[in-house]
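Undergrad: Could you put the whole structure together from the sequences, leaning on the hints where they help?
There are 2 protein chains.
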Amino acid sequence: MNRAKGQMINAYTPGNGRLSPQDEALAKRRALLLGPAYRLFYETPVHIVRGEGVWLFDAAGRRYLDTYNNVAAVGHCHPRVVEAMARQAGLLATHTRYLHEAILDYSERLLGYFPTGLSQVMFTCTGSEANDLACRIARTATGGTGIIVTDNAYHGVTLATAQMSMSIGPAVAPGPEVFAIPAPTAANYPDGIAAGFATEVAAACAQMRAAGLRPALLIVDTIFSSDGVLPDPAGFLAPAAAAIRAEGGLFLADEVQPGFGRTGQGMWGFLRHGVLPDMVSLGKPMGNGYPVAGLVLRPELAAEFGAAARYFNTFGGNAVAAATADAVLSVIEDEGLMENARQTGALFANRLRELARRHDALGDIRAAGLFLGADIVENGRPAPARAAALVNRLREEGILISATGRDGHILKIRPPLPFGPDHVALFCDTLDKILAEQGGAAPVRTSS
Amino acid sequence: MNRAKGQMINAYTPGNGRLSPQDEALAKRRALLLGPAYRLFYETPVHIVRGEGVWLFDAAGRRYLDTYNNVAAVGHCHPRVVEAMARQAGLLATHTRYLHEAILDYSERLLGYFPTGLSQVMFTCTGSEANDLACRIARTATGGTGIIVTDNAYHGVTLATAQMSMSIGPAVAPGPEVFAIPAPTAANYPDGIAAGFATEVAAACAQMRAAGLRPALLIVDTIFSSDGVLPDPAGFLAPAAAAIRAEGGLFLADEVQPGFGRTGQGMWGFLRHGVLPDMVSLGKPMGNGYPVAGLVLRPELAAEFGAAARYFNTFGGNAVAAATADAVLSVIEDEGLMENARQTGALFANRLRELARRHDALGDIRAAGLFLGADIVENGRPAPARAAALVNRLREEGILISATGRDGHILKIRPPLPFGPDHVALFCDTLDKILAEQGGAAPVRTSS
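Here the protein sequences come in this chain order: A and B. Residues 1 to 448 (the numbering used here) make up the first sequence, in order. Residues 1001 to 1448 (the numbering used here) make up the second sequence, in order.
Hints may contain errors.
Derived lysine to any residue pairs resembling SDA-like cross-links, with alpha carbons at most 25 angstroms apart [unchecked claim]: (1) B/K1028 x A/G363; (2) A/K28 x B/P1299; (3) A/K28 x B/E1052; (4) B/K1028 x B/G1112; (5) A/K433 x A/G363; (6) A/K433 x A/W55.
The set of hints was computed from the structure by calculation and includes no laboratory data.
TA: Encoded structure:
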């Protein structure tokens, strides 16, 4: 049951699973209508009909603790966000070629969370579009085309961004201008991640030049989600950013996954690394499910690009997107969600490390706020089959999660941010029970 | 005042115009926050705060007849659409890796408007993403990379689609795999558009092969909006589609502009041409402003692509997108908007042709339903400066419109579909008055 390279982690195999006749019929309709590029999660897919806070509910009324969905970052169907969206949609939903306050008020507020220097924003509908736009801008600004990514990166689904998303697997050939370097793990860089990662960036630039290309961009998800959740040691990104700049390229922090307070130590993952990116891409949690995304950048870069070419994204930055995204910021602030991510995340990591001491299957635990990665191992080695079994057992027990990493053996934990200590206890107690079933050690209950 | 190639039509030049102090301040904030790639419409931009039906309202409470915005196709802020969106957003807004009915119900309904053979749909958030995905699929299906477009085409803003959007101008170099052919006008093809256009497709394929490339895709906006609105003679696309297929390539109908009933003669522009595309891209009006788009295709193409690669678009096809798009279809049906587009569009074209007989500045009028193009000429030749003056005078008179075409001299008329005879009269009377001011002939009023 080892995962073939590029095969999707935690995907449903049609014909397998124990689906109800109704769900089986839905799965068949899906295959007919949407085709085989669409995949479902889990051995037995879930049929979700309602969401509220950190909970999702299936068609039979059963509730699931959501420890996976970072899009509904302020909680599923948050009433303040829904209300802001509906109110603006009833008033005006048009494009950015008329003057309108909403996009400007939101832009000012958003940019207030960024360090000096990152003072302009361009709006898209998806993180893919934001990263794709960054490629266009980097080409204009640097005159180069070469792009450096990590070797299990994910940056989007457009033609350009899919070609730099190694995690999609060999079905999508990397672009000829894309150079992948090993992910920043201790195993890959035994002599130190910071120096080693920067050396790889410089080496990739040398390779580019040997191939007749010039460096344009180093792009990394600052939490390295698809590479396995790699937050530490904080600060390791700074030398890599310096290395790409020394070669005339730009540094793009992809904050689609860690952004908007999830790491608990600031609104953006790059802040943990004490580095100032040239561009920052935003997406998933920005509108709590409404399709809004964007690219924050140094105005010099926008000037060069904008002087030559206009940019227009029909739905990007429309008044409803701005109002919805603004409500998301209000909820993050008013409900103290970043601080909750820090505190609950620390508790969560501690509980997982405590479990890891008692269960051999649980290896290294990595965390920054409410973004956690837990290695599932067997004799100390990656155990993707065991991870898959765990993910599916947790689903049976009413907890939604998935796995990640090059080997697919890492639990990826990134719940909605209103996740609290009770939810941590429920997750850890359930995991403890399942690991005990699988491995023999007795679970220790910490909550009733 | 002739337009430099690639310069945006109807763009505001900062410092020009007669803006109120408040609007001047907004324009300056925009420049600071969004940068120079963002452009505003009109010599004096409008500051819109509310929309209803075919009307937009500015901050001072003045109303404008909207003859430009095809996104709000069923009318600005249609209450049924807003309500459907808000209801689903309060219930569940998650992605496509759980089973859910909404996406399937919508897909079935949408595909019911397509001819047999086009029986699968993949969801994106923007028309750009849909065309970009089509490129990826065409590459997989054909093994080729060559793409044929018209010489003032617009197909999107991703790296791949911007490179095939000649209308953006020389600031974005066409991709090396992109081959542009003359737009299907009588002037370009004096011996017949259908045969001439197909011959150019074959010639572009020969050029590709000479350059060592294989044909992948012919992509056309079936109303040729940015090429100047070129609907006739209906049927001329069929030989071109046959030509690309004979060369092993695919035919993509870009319905982002004409789709969803606007032409009045069917839900899709390609239906007027009696041709069956391999893929059809959808966008702008699909969600009446909610960011939803998609690609309808032959299942054989999805099979080849999906067998190798998965496709996941975080927001694409979420339950809110499906519910909103479904409400749009309901309004189109229940309010008879396609039939209205046919009837009101015919009336509109007749009135414009009547005006053209009296005003030398008004040249050829082309129309399919509520998608109309009106050439503005001087001594029978394209007159972009006169078109720009008209667009700005109409804005002063409370009518919003823009211009299009390679020379920027064509009024592009594509109002929300609830446009009625009174709106046609208001538009035509105002145009009559302005043309009389400019050219000397007395206006003839048809409504009081």
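Undergrad: Decide, hint by hint, whether the structure agrees.
TA: To see whether the hints hold, each was checked on the structure:
no., hint, result
1, B/K1028 x A/G363, "violated, 54 angstroms"
2, A/K28 x B/P1299, "holds, 14 angstroms"
3, A/K28 x B/E1052, "violated, 41 angstroms"
4, B/K1028 x B/G1112, "violated, 48 angstroms"
5, A/K433 x A/G363, "holds, 17 angstroms"
6, A/K433 x A/W55, "holds, 21 angstroms"
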